[in-house]
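> So the protein sequences, as listed, match chains A, B, C and D.
Numbering (the numbering used here) for the first sequence: 117 to 199.
Numbering (the numbering used here) for the second sequence: 117 to 199.
Numbering (the numbering used here) for the third sequence: 4 to 156.
Numbering (the numbering used here) for the fourth sequence: 4 to 156.
Don't take every hint at face value.
As the list claims (entries may be wrong) - Calculated pairs, DSS-like style, for lysine-lysine (alpha carbon to alpha carbon, straight line, at most 27 angstroms):
#1 Lys153/C with Lys118/B
#2 Lys126/D with Lys77/D
#3 Lys153/B with Lys126/C
#4 Lys153/A with Lys77/D
#5 Lys185/B with Lys153/C
#6 Lys153/C with Lys153/D
#7 Lys77/C with Lys126/B
#8 Lys126/A with Lys126/D
#9 Lys185/A with Lys25/D
By construction, these hints were calculated from the structure, which means they are not laboratory data.
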Amino acid sequence: MKVLYFAWLKAKTGMAEEDIAPPAGTTTVGQLIEHLKTLSPGHAAAFETLSVVRVAVNQDYGGLDTPVKAGDEVAFFPPVTGG
Amino acid sequence: MKVLYFAWLKAKTGMAEEDIAPPAGTTTVGQLIEHLKTLSPGHAAAFETLSVVRVAVNQDYGGLDTPVKAGDEVAFFPPVTGG
Amino acid sequence: MIRVQREDFDSGAELARFSQGKTSVGGICLFVGLVRDYIGHDPAAGTPVQAMTLEHYPGMTERQLEAIEAEARKRWPLEDALVIHRYGRLEPGDRIVLVAASSAHRDAAFEACRFLIDWLKTKAPFWKVEHTQEGDAWVEAREADEDAAKRWE
Amino acid sequence: MIRVQREDFDSGAELARFSQGKTSVGGICLFVGLVRDYIGHDPAAGTPVQAMTLEHYPGMTERQLEAIEAEARKRWPLEDALVIHRYGRLEPGDRIVLVAASSAHRDAAFEACRFLIDWLKTKAPFWKVEHTQEGDAWVEAREADEDAAKRWE
Chain A
117 MKVLYFAWLK AKTGMAEEDI APPAGTTTVG QLIEHLKTLS PGHAAAFETL
167 SVVRVAVNQD YGGLDTPVKA GDEVAFFPPV TGG
Chain B
117 MKVLYFAWLK AKTGMAEEDI APPAGTTTVG QLIEHLKTLS PGHAAAFETL
167 SVVRVAVNQD YGGLDTPVKA GDEVAFFPPV TGG
Chain C
4 MIRVQREDFD SGAELARFSQ GKTSVGGICL FVGLVRDYIG HDPAAGTPVQ
54 AMTLEHYPGM TERQLEAIEA EARKRWPLED ALVIHRYGRL EPGDRIVLVA
104 ASSAHRDAAF EACRFLIDWL KTKAPFWKVE HTQEGDAWVE AREADEDAAK
154 RWE
Chain D
4 MIRVQREDFD SGAELARFSQ GKTSVGGICL FVGLVRDYIG HDPAAGTPVQ
54 AMTLEHYPGM TERQLEAIEA EARKRWPLED ALVIHRYGRL EPGDRIVLVA
104 ASSAHRDAAF EACRFLIDWL KTKAPFWKVE HTQEGDAWVE AREADEDAAK
154 RWE
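With the sequences and hints as input, model every part of the structure.
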């Protein structure tokens with residue numbers, strides 16, 4: 117699946133986008149985050165405070181329980197500040 | 117004093133403006149109206165339903181009790197419908 | 004600023020002037036009122052309006068609009084405020100009125116703009132007569148406008 | 004209609020287009036958001052902002068803005084609705100966003116316009132980083148914006 121990072125999550129992970137093949141049994145956003153946190157200290161830092169992280173699965177807002185599967189586009193970002 | 121009429125009050129009285137020398141003892145808008153009603157059937161018709169007549173004395177909104185005196189500009193008109 | 008005029012105005016130019024050279028303005032809220040081609044709430048059921056004429060009370064109009072603008076500036080921290088109101092004969096689609104307010108924050112801009120039009124509708128001495136095939140009719144004041152203005156008292 | 008773009012827009016031209024040839028529109032409400040030159044509520048106490056950069060999530064932004072516009076049209080009888088949002092580097096005084104709504108009556112135009120900006124601020128995936136002399140700082144989401152959006156739930 118494709119994972120995207122925006123704003124300070126991009127700075128902390130050091131990347132805008134990566135292809136991820138999560139371990140078998142990864143079926144939710146929450147489980148995906150647990151896997152991402154193991155990838156680098158930057159990833160661990162990005163997901164340290166989940167209350168300030170938002171997620172979209174295939175460009176719709178989701179939560180920790182939202183299902184994810186191969187082929188999905190999963191994006192992580194802080195609360196939005198446009199307008 | 118100068119008396120002005122707008123909108124349908126102008127149509128009913130048949131005039132936009134007139135100079136009025138009200139009888140002695142006319143000190144309020146209410147008393148002025150009583151005098152104006154005697155001037156013509158059109159004037160009487162204009163002031164028939166006072167609930168739909170508004171008044172301004174020297175370009176500020178007033179009521180039946182607002183004082184009037186020689187030299188004042190007194191205007192009568194329906195509730196406003198601009199905007 | 005307030006303006007009472009017979010001629011049309013350029014809403015876009017007014018809007019542009021509103022923000023020009025200002026770096027402390029966070030938001031501008033603007034409302035433009037136009038002549039509709041029917042009377043009432045339902046276009047299908049309404050009487051078609053061919054045109055309308057706006058009468059006003061010169062002198063008192065300016066005085067009241069200035070008071071309305073001053074009141075808005077007293078209530079909200081505005082960078083700028085503008086009211087333009089036309090009079091004379093207007094056809095469907097013509098602009099009647101423009102009100103606008105700018106502020107550092109959008110709340111103040113929105114509320115002041117709404118206040119300007121709500122108060123203007125019940126306090127500025129304008130009267131509309133609508134020209135229809137059935138003749139001319141003075142527009143009656145709407146209770147909804149009174150209610151809208153009362154919210155600000 | 005919604006537009007997401009790097010380049011500036013002409014608010015006046017957008018406003019003019021909004022009413023052109025329409026005789027069933029009674030009112031247009033428009034809001035333009037601009038870059039302010041200071042952070043916070045007090046210009047004297049605020050850190051001066053030299054510029055800001057707006058990042059966004061291409062694809063999702065358009066999707067969310069379209070959803071916001073559709074929701075506004077569902078809630079109010081609108082003649083038209085428009086959202087334009089910029090991204091990239093912007094300087095103080097630059098336009099960021101324009102929202103507008105037109106309707107037969109002013110209530111709907113005002114409320115829909117306010118709804119568009121309130122929802123956009125909490126749902127459209129944009130992020131601002133402010134460039135100041137002390138360095139770059141990601142703007143934090145404001146609780147007041149969350150509250151403003153909640154009014155519409």
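> Now tell me, hint by hint, if it's right for this structure.
Now for the hints, and whether the structure bears them out:
1. At roughly 32 angstroms between alpha-carbon atoms, lysine 153/C and lysine 118/B are farther apart than 27 angstroms, so this suggested pair is violated.
2. Between lysine 126/D and lysine 77/D the CA atoms are separated by roughly 17 angstroms; this keeps the pair inside 27 angstroms, and the hint holds.
3. Note on lysine 153/B and lysine 126/C: the hinted pairing holds, with a Cα-Cα distance of about 26 angstroms set against a maximum of 27 angstroms.
4. Proposed proximity of lysine 153/A and lysine 77/D is contradicted: the alpha carbons are some 41 angstroms apart, above 27 angstroms.
5. At most 27 angstroms may separate the alpha-carbon atoms for a hinted pair to count; lysine 185/B and lysine 153/C exceed this at roughly 31 angstroms.
6. Distance hint between lysine 153/C and lysine 153/D is fulfilled; the C-alpha atoms sit about 25 angstroms from each other, no more than 27 angstroms.
7. For the hint pairing lysine 77/C with lysine 126/B, the CA-to-CA distance comes to about 36 angstroms; that exceeds 27 angstroms, so the pair is violated.
8. With a C-alpha separation of about 19 angstroms, the suggested pair lysine 126/A and lysine 126/D falls inside the 27 angstroms cut-off, and the hint holds.
9. Annotation: proposed proximity of lysine 185/A to lysine 25/D is violated, straight-line Cα distance about 48 angstroms (limit 27 angstroms).
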